[in-house]
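Number of protein chains: 2
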Amino acid sequence: MSCSRSLSLAFRWVRTSRGAFNFRHQQLSCLSIRAISTTAPLHIHETSSSTSATKEFKFTTDAYPQLERNSTFSEVTSEHVQHFKDLLGAQSAVIDGLTTDAADDIEPFNTDWMKKYRGHTRLVLKPQSTKEVSQILRYCNANKLAVVPQGGNTGLVGGGVPVFDEIVVNMSRMNRIRSFDENSGVISVDAGVILEVAEKYLADRNCIFPLDLGAKGSCHIGGNLATNAGGLRLLRYGSLHGNVLGLEAVLPDGTIVDDMCALRKNNTGYDLKHLLIGGEGTIGIITGASIICPQRPKAVNVAYFGLQSYDHVCKAFREAKSQLSEILSAFELMDGRSQDLVHDVTGLNRPLGESYPFYCLVETSGSNEEHDKAKLDDYLGHVMTESIVDDGVLAQDETQAQSLWRWREGITEALSHLGGTYKYDVSIPLTDLYRLVEDTRERLTKAGLVGDDGSYPVREVLGYGHMGDSNLHLNVAVRQYTKEVENIIEPWVYKWIQKRNGSISAEHGLGIAKKKFIGYSKSDTMIKLMKQLKNLYDPI
Amino acid sequence: MSCSRSLSLAFRWVRTSRGAFNFRHQQLSCLSIRAISTTAPLHIHETSSSTSATKEFKFTTDAYPQLERNSTFSEVTSEHVQHFKDLLGAQSAVIDGLTTDAADDIEPFNTDWMKKYRGHTRLVLKPQSTKEVSQILRYCNANKLAVVPQGGNTGLVGGGVPVFDEIVVNMSRMNRIRSFDENSGVISVDAGVILEVAEKYLADRNCIFPLDLGAKGSCHIGGNLATNAGGLRLLRYGSLHGNVLGLEAVLPDGTIVDDMCALRKNNTGYDLKHLLIGGEGTIGIITGASIICPQRPKAVNVAYFGLQSYDHVCKAFREAKSQLSEILSAFELMDGRSQDLVHDVTGLNRPLGESYPFYCLVETSGSNEEHDKAKLDDYLGHVMTESIVDDGVLAQDETQAQSLWRWREGITEALSHLGGTYKYDVSIPLTDLYRLVEDTRERLTKAGLVGDDGSYPVREVLGYGHMGDSNLHLNVAVRQYTKEVENIIEPWVYKWIQKRNGSISAEHGLGIAKKKFIGYSKSDTMIKLMKQLKNLYDPI
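Chains as they are written, first to last, in the UniProt record's numbering: chain V, 1 to 540; chain H, 1 to 540.
Please keep in mind that the hints were generated in silico from the structure rather than gathered at the bench.
Every value quoted in this text rests on a predicted model; they were computed, and no experiment measured them.
Backbone N, C-alpha and C define an ideal beta-carbon position, used for all residues, glycine too.
There could be a bad hint or two in this list.
What the hints assert, rightly or not - Ranges between beta-carbon positions, derived for each pair:
| id | chain 1 | residue 1 | chain 2 | residue 2 | range |
| --- | --- | --- | --- | --- | --- |
| 1 | H | ASP439 | V | GLY381 | 54 to 60 Å |
| 2 | V | ILE527 | H | LYS446 | 55 to 61 Å |
| 3 | H | ASP378 | V | PRO357 | 27 to 33 Å |
| 4 | H | GLU319 | V | GLN498 | 49 to 55 Å |
| 5 | V | ARG205 | H | ASP181 | 54 to 60 Å |
| 6 | V | SER179 | H | GLU386 | 27 to 33 Å |
| 7 | H | TYR201 | V | PRO429 | 18 to 24 Å |
| 8 | V | THR445 | H | TYR201 | 31 to 37 Å |
| 9 | V | THR431 | H | TYR201 | 21 to 27 Å |
| 10 | H | ASP378 | V | ARG318 | 29 to 35 Å |
| 11 | H | GLU386 | V | ARG318 | 40 to 46 Å |
Using the sequences and the accompanying hints, generate a full structural model.
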């Protein structure tokens with residue numbers, strides 16, 4: 001589908017043979033993922049895939065036969081279902097999978113968007129209040145019924161879908177923005193509010209949400225918190241542990257934890273909310289949160305670079321930190337393969353005329369357009385004259401800025417058109433960050449698994465991520481998920497990361513995917529302490 | 001003592017009768033607290049007080065006879081002392097108060113700097129490694145010996161000194177800066193490193209510590225973390241929950257929690273360190289931390305205002321947030337009485353010629369001096385022409401900036417020269433923030449307790465604080481601590497705060513002072529959950 005919007009000219013600069021740099025204009029194409037309207041945000045759930053990886057979409061229990069259902073949990077009966085129907089009232093609050101005609105209705109809650117995990121749930125509950133969540137959990141606790149909390153189901157590690165027959169507690173009907181205080185910038189929301197909905201609400205009130213990520217059109221704020229999502233602008237606005245001021249949650253026994261503080265400073269005892277942030281719903285379901293939101297920047301600039309090596313990317317980042325300093329709001333890395341892929345899937349013109357091994361997207365957000373432009377000009381001049389950057393384009397308006405951002409945010413979407421993807425969201429000290437992509441590609445190639453025709457399971461190995469947070473997304477795009485590929489990558493990839501004092505999960509969490517590998521990032525003592533806490537809140 | 005340094009002229013601007021504003025120069029006096037060298041930072045511990053409040057310095061057990069020693073704890077014997085001498089080796093690591101000649105040596109560890117709390121310890125241990133801390137706690141746990149962890153002893157709620165005969169585990173010998181990574185800006189330190197030492201170390205490496213507070217010359221980073229200190233620049237650099245990347249601690253049973261992560265993103269399980277940040281040493285002793293440090297700003301500007309009302313302060317703050325935005329690094333409120341007090345104690349010229357009911361200190365930190373000055377000029381022009389600010393002075397160099405800061409940071413010091421102070425560190429939504437000072441003053445005056453001569457227990461009621469964090473420091477300066485004054489203020493003050501959804505402890509913690517009042521900020525459920533956690537790590 002071609003772009004219906006006409007775009008103004010982007011501002012482009014290129015380095016001349018003598019090291020100086022010139023500016024020139026160029027038509028910047030509007031990015032669209034084929035078959036998806038470009039005027040709509042990229043909703044992860046709206047895509048469909050027709051590759052073999054999803055055609056042979058297995059149950060998680062078949063793909064991972066070593067996973068065992070805990071036999072102490074009961075199975076859902078029609079009496080249980082009736083109890084929940086009586087409790088939650090509304091027809092839309094209970095999807096009863098015990099009856100065969102509901103099988104299609106229940107399937108989207110059983111499967112993750114990557115088509116990698118597929119559970120056997122036969123009951124989905126959609127509570128509309130914290131009290132209802134509490135009543136559900138109290139009942140499940142008393143009746144030994146396993147549950148899995150589910151937000152927007154945009155997770156990447158299988159943490160939000162059932163493995164066995166766990167009851168899905170889907171939070172989509174708890175979608176109310178509770179309040180906003182214009183003096184303090186504190187927003188209070190239900191857990192099921194979609195990130196982009198909150199973002200738009202705040203835009204009308206001269207604020208922004210401190211978190212932004214590609215799945216914002218579908219993901220829930222509660223899910224973001226449970227995963228401790230980092231996203232695109234952590235280097236500027238900090239982590240959720242810093243920005244979440246208050247939390248409301250329900251513990252497994254039904255206890256409502258009401259800690260909806262709206263104050264930046266409140267030192268009155270242990271700060272329990274931090275256990276739930278990043279706790280992946282294992283010790284409670286987050287039902288609400290109050291979050292401090294920064295003011296909306298008056299000026300936002302976005303530039304997109306082509307660079308010759310990862311070493312040049314590191315240099316460009318160091319200079320950005322130094323020269324753009326307080327206005328730097330994002331510094332994203334994309335390798336050449338990731339941008340080739342976006343280009344191949346969308347068929348649109350690239351922002352830069354030529355191809356480069358590496359690309360960066362730099363964003364500034366500040367309060368004074370003139371000052372910000374001056375800082376950015378100085379920076380761009382410097383990286384061009386010093387031959388750090390080869391070519392670049394600077395967005396001239398918000399539409400162009402969004403188009404450039406889609407060359408970064410569209411990678412996940414484009415990958416989903418290829419088939420399945422082994423995704424590794426890791427943190428590695430900056431110097432070694434990209435080497436993991438190269439080493440993985442080399443390893444899979446040596447094993448004879450990478451190739452262009454259908455006989456090779458691996459299509460491509462690529463990397464992108466957040467330079468500002470030392471956070472790499474390593475992606476191995478496959479024609480189908482196979483144990484052969486998986487066993488070549490894992491646990492080798494985790495050992496590689498452990499050796500460099502990295503983290504095997506930077507921002508996506510452990511879920512089902514990395515649960516058994518936690519030992520590569522946490523010591524036995526830390527794991528023991530975690531188990532102790534899990535047992536405190538949810539003894540089995 | 002007069003100031004030996006000659007200062008350059010400060011840049012001052014005043015509003016003319018027609019609403020415009022002029023700039024003129026004025027000599028800015030160097031602030032010195034009498035009897036303390038002005039060239040040295042204001043070390044809280046170096047002052048002495050000779051007022052009646054400290055002459056009649058009671059044991060905490062006498063001042064609060066309702067406090068009861070837990071009889072399950074053993075008393076320290078000479079065998080215990082010998083064990084620790086054998087364990088810690090060095091002579092300086094054990095102060096043995098069982099022998100009478102060590103009484104003077106041990107007293108500083110028994111008493112807080114405000115002369116408000118005084119314990120009965122007879123043993124001080126100064127471990128030099130995490131292993132030693134572990135060995136101490138394991139032994140104490142096995143032998144039922146109570147301990148109190150102690151940092152720089154600059155706390156304001158009696159949390160760092162013993163009440164009964166608890167063994168003091170003083171962290172001053174664990175004072176090593178372990179490492180600093182220039183690429184990431186992550187510093188790794190022992191818990192006993194003095195904040196100012198780290199600050200100076202970072203200054204040489206083009207970084208700053210993300211926390212700054214008046215007691216930095218004495219306080220330990222470990223103590224800052226245990227208290228979750230907020231300080232002067234939280235509005236810019238965020239809280240310790242956001243900036244501490246890794247933590248090392250020892251639990252009561254001696255378990256070493258080694259979570260010295262140096263990554264900004266690491267989602268591999270429950271983030272236990274947040275229980276220790278703000279945990280006030282009740283579930284473990286922090287022994288080390290890795291902290292992300294912002295780059296050192298290239299330009300810092302400090303302005304000091306005189307304003308006619310608290311309403312004007314709020315307006316000036318709102319405008320600062322909007323106009324100074326990303327470069328605003330501090331916005332401090334000081335009432336007229338607090339500045340009168342600093343003036344009276346130091347005898348030096350005020351920054352502004354006249355007296356005002358309110359003062360503000362505004363600091364900007366940015367990367368471009370020209371841009372920052374332009375933003376600040378626009379802001380100052382606006383607040384003057386709009387009659388929000390009556391008079392102001394702008395520091396022309398770092399020395400002047402420091403002098404202006406001391407009119408804010410010197411308040412605590414000046415108060416300590418008056419006698420005792422009832423200190424209330426609270427958080428209240430901004431609109432109502434200062435009204436607490438007015439209401440407290442009115443209440444104490446109506447009770448006939450406030451007066452200039454020695455027959456009145458209360459000398460003064462004043463307030464100052466961090467506008468950016470809705471954090472007020474209410475101070476009731478007394479000639480002596482009396483139950484009469486205390487009972488008029490407490491629990492009335494906490495009820496006042498509770499009614500406005502504030503926090504009874506913004507950044508100083510609960511300690512002994514506020515332990516029994518936690519119910520005014522936390523629900524019964526939250527308190528029950530806290531007790532459950534305390535019991536998990538430290539069952540008695």
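For the hint 18 to 24 Å, verify it against the beta carbon of TYR201/H and that of PRO429/V. 21 Å, holds
Okay, GLU386/H versus ARG318/V on CB: inside 40 to 46 Å? The hinted range 40 to 46 Å holds for GLU386/H and ARG318/V, with Cβ atoms some 42 Å apart.
Is the distance from the Cβ of ASP378/H to the Cβ of ARG318/V consistent with 29 to 35 Å? 31 Å, holds
Using the C-beta atoms of SER179/V and GLU386/H, is the stated range 27 to 33 Å upheld? Holds, at about 30 Å.
Could you check the hint for me, namely that ARG205/V and ASP181/H are 54 to 60 Å apart, CB to CB? Given range 54 to 60 Å: violated, Cβ gap about 39 Å.
So does ASP439/H sit 54 to 60 Å from GLY381/V, Cβ to Cβ? 57 Å, holds
Measuring from beta carbon to beta carbon, are GLU319/H and GLN498/V in 49 to 55 Å? For GLN498/V against GLU319/H, whose Cβ atoms are near 51 Å apart, the range 49 to 55 Å holds.
Taking 31 to 37 Å as the stated bounds, is the beta-carbon spacing between THR445/V and TYR201/H within them? 46 Å, violated
At the C-beta level, are ASP378/H and PRO357/V separated by a distance inside 27 to 33 Å? 44 Å, violated
Given the hint of 21 to 27 Å, check if THR431/V and TYR201/H actually sit that far apart at their C-beta atoms. Since the Cβ atoms of THR431/V and TYR201/H sit about 23 Å apart, the hinted range of 21 to 27 Å holds.
Is the hinted range of 55 to 61 Å satisfied by the C-beta distance from ILE527/V to LYS446/H? About 59 Å separates the Cβ atoms of ILE527/V and LYS446/H, which means 55 to 61 Å holds.
Violated hints, in rising order: 3, 5, 8; the structure is consistent with all others.
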